[in-house]
Structure formats: structure tokens, C-alpha cells
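Respectively, the protein sequence lines represent chains C and A.
Using UniProt numbering, the first residue of the first sequence is number 1, and each one after it goes up by one.
Using UniProt numbering, the first residue of the second sequence is number 1, and each one after it goes up by one.
Among the clues, some could well be false.
[Claimed, not checked] Among the chain A residues that face chain C by a calculated CB cut under 7 Å, a handful are:
{"id": "1", "residue": "Arg22"}
{"id": "2", "residue": "Asp100"}
{"id": "3", "residue": "Gly102"}
{"id": "4", "residue": "Asn103"}
{"id": "5", "residue": "Tyr113"}
{"id": "6", "residue": "Arg116"}
[Claimed, not checked] Sample of chain C residues facing chain A (criterion: CB under 7 Å; computed from the structure):
{"id": "7", "residue": "Glu91"}
{"id": "8", "residue": "His95"}
{"id": "9", "residue": "Ser101"}
{"id": "10", "residue": "Gly106"}
{"id": "11", "residue": "Glu139"}
{"id": "12", "residue": "Tyr153"}
Worth flagging that the hints you see were computed from the coordinates, not collected in a lab.
A quick note: this is a predicted structure, and the numbers were derived from the prediction, not measured.
Beta carbons: idealized from backbone N, C-alpha and C, even for Gly.
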Amino acid sequence: MFRNQYDTDVTTWSPTGRLFQVEYAMEAVKQGSAAIGLRSRTHVVLACVNKAQSELSSHQRKIFKVDDHIGVAIAGLTADGRVLSRYMRSESINHAFTYESPLPVGRLVVHLADKAQVCTQRSWKRPYGVGLLVGGLDESGAHLYYNCPSGNYFEYQAFAIGSRSQAAKTYLERRFESFGDSSKEDLIKDAILAVRETLQGETLKSSLCTVAVLGVGEPFNFLDQETIQKVIDTFEKVAEEEEGEGGEGEAEAAAAPPAAEQGDQDVAPMEM
Amino acid sequence: MTFTIPIENGNEVKNAEADSQRTLYPYVTGTSVVAIKYKDGILMASDMGGSYGSTLRYKNIERMKAIGKHSLLGASGEISDFQEILRYLDELVLNDNMWDDGNSLGPKEVHNYLTRVMYNRRNKFNPLWNTLVLGGVKNGEKYLGMVSMIGVSFEDNHVATGFGNHLARPILRDEWREDLSFEDGVKLLEKCMRVLLYRDRSAINKLQIAKMTEEGVTVSEPYSLKTFWEFSAFTNPTVGAEGSW
């Protein structure tokens, strides 16, 4: 993207029908560290890569609980994300107070999208520089939405945003058809595997990622480091075996399970 | 519409103009509503009378209305305030339908919304002079609740308003059971309504019974109860109590 004479304020159209400020805001989302969401019919899992300013500081919080039945993962300007999370919590609480009933997530994302749209049509405002993966429940089950700085929102079976999210998206594209009926544990495993894809070579450790789950009958909660590490351990072994087989192609999908099993029998699981 | 009631030396100074903007007393009122949960849902009964003080002036007022797909609202008290509430709920249901997203307002949500409305009006010293009965069925779950004009709200297996609390609920406490059939439920309600007809001076003998189930709401055609006035206590009312009438 190059500088041009139509990109100074958000209320200026380009001759080709683009709002450059909005597109630049979407660039900010692409620069943030990755966030991933996936859903089955009954559960939603949100995962993100923990990025810290330096070794001395703690990492930024990118996943927020909005209500027992709604959670959000953000990528981009985390300050904007925090403000929008506070708005979502407020909407959720007000609805629950008036109607004694949880706010359907589909309605919350529309409120959020309308709020973002306002910032694309006022000369004295700027778009929010954050992408939100909103996971939540309503009467028809579990849903995952992506809210964009442009004011658009989309529903997804699985999605990834932020830097190197394309690698995660490729992984999810291969697997998403089975997510609908997945168990919670399988969904978590797929989420962590998707996070691993974005790390591209870096060793996956539980300290590098945050995972949160919510579902029908299960309020929003974060997984603790121990649980995440246990899931990582189950497939880090398999990954080593796969490399031994030397396969990264289609045949790998069929070959890997039997190969992994043989591998597991050689190494006592307790020793990991 | 905002105003202050100035307090001087501890005595309230009444501002006549401000008073004309808030509810002070009811004018046209409906009497009891009685409702019970039964096997398939909710049964609610009320008569069709609107009293103007002690005059039984209006005899064709429907005091029970369907709200959305899942709820039934019955009201006693000021009829014009009931009509105002129906307008609020109309707007609520309309906005809910406009979402068109597969989510719909259930009886619990409507009940809580009404509780908020009634309580907030009470706090502004401008109440909606009604006691409301809200019943419904959604996803197989039966719901029956009540809200009063001061915002008191609760749920129960059987509720009544006004005189119904004193005359009907004792009967229901003794005779209501889980899984009443439709016929038994109607008989029970008619028993309550008959007692109210004998003893409540603002009751008239023209009532409707509404049924709410998973399929929807049906409000019966108006009909009358059979009454019996030949009790010996009625024919010779002063026997045993000389001087009374």
C-alpha cells in the first residue's frame, strides 16, 4: 500500500471507491500477534499467541471474558480492543439486567459492528484499529464471529487474524469440516495446533499461548498452563515421529496415525 | 415531564400543574385475574368488566392478550395503563422480530422487562396502576409470574391479582397439583371465578379463559358461569343475626 492523496482522512473516498484510512486500520490488525478461534456446535475455543514488549515485561492480555457465555480475542491496537471489550461487557450486563437472560451473541456483534461503522463516517473520528474474534452462545448454539475495523462482521466455523495468521488459516481450512461435531478436547487440540502453525518453527510452549473455552453448559474460562502443556505434549511427540517418517504430504494424514502409535509403544508415555 | 415537589418546613407543597402529569388514582379498572400452570402450559382467567368507580360500566374489555409467540399477559387495575403497557410490549416484540435471527423473547424476558418498567415508574411517583400476570411456555418450560404496580415481582405455580389473592389463592393452595389436565385446570379456575363472582362486587358474569401451550395462545369466547342463589343463607339472610340485613 502506498501513500496517495486520498488517504488523509476517513471521510475521503478514492476515485476507485476505497476508503484508505479504513484499509490502513485493517493493516494494524494484520500487524498484531495472532489470535485464533474455532467452534463446534456446542463449544467455542479462542487461542492467541502471547507477545511481550521485552523479556522483562508481562505479556499483553488479548482474550477477554465478556460474559459467562461470550468471550473475545483481539488482534491489533490492544488499547482499542480493551475499550471495545468494556463496551461489550456493558451491553451484555444491561441486557441481562433488563431481561434476566443472556444477550444473544449475534445481536452483540451487530451492535459492535454498528459502533465501528460510525467511526468510518465521521471526519473527527478514526476507525478502531483492532480485529475481534467474538465467540459466544445463543439459542441456536455456539457461534464465532469476526468484527472488522470497517464495520463488517462475518460468521466463521474457524478463523485466524494477526501476523502469520495465514499459516493457521491454511491448517484450519484443511480441518474445519470436522469441527462441527468435535469434542471440546479435540477442538482445544486443533486450536493449539493452529497457534503452532503461526509460530513457524519456534518451539511451542504453554507460556507462549493463552487458550479460553466456552460452551453449552460451560461458562467462559481460561485453560491453565498445565492443561495446555499436557495437550502440547500429546502432539509434540507425534510431530517428532512424523518428521522421522519424512512426510509432509497428503499421504501423511493416513500414514501418521499408525506410525505414531508404533512410535508411542517404543517410548513410555510416562517418561514425557 | 420532570418536576420537583418542593418541601418547605417539612410540609409538602403541592404543585397542581405537576400533579396533572402523573397518575394519582385509577379511573376505569379491571378486577381479578387468576392463572395456574397445568400439564401442557398455562391457564389464565379473567372477566370482561371495566368498572368506573362503583359502576360496572364497560362489559366487553379483554384483559388478557398474547405477547409475541410465547407469552400471555393478563392485567387488573387501570385499563388505560394496561393499554399503554401493550404499546410498550408491541414495540418490544416488533424490535425483537426485526432482528430476524432465530432468537425470540420468552416469558421470562418479558416478565423482567415489565418488572423494570413498573419499578422505574414507581420510583418516579408516576406508576402504571396495574397488577400484571405474565405466563408462557418456551422450549417446553412453563413460566408464570406476577408484577405489581410498585414493582414487586415473583414467579409461582399459581398467581392471582386483587381479590383473587384473598379468595382464589386459598382454593388453589389446597387443590392445585402438578400435571393438571386441561379439563381439571379449567374446572379449578371456574371454581375460583365463581367464588369471585359471588363475593367481589366489581366482578361480572362474563369471563374468558386463555390457554398458553408450546403451540401458542388461544383465548376462549366469552361465556357465563352458572350461579345458584337459592342457598338458605341467601333466602333468609338475617336468621340468627337479628338486626342485620
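So which hints don't hold here, by number, going up?
Hints 1, 2, 7, 8 and 12 contradicted; others consistent.
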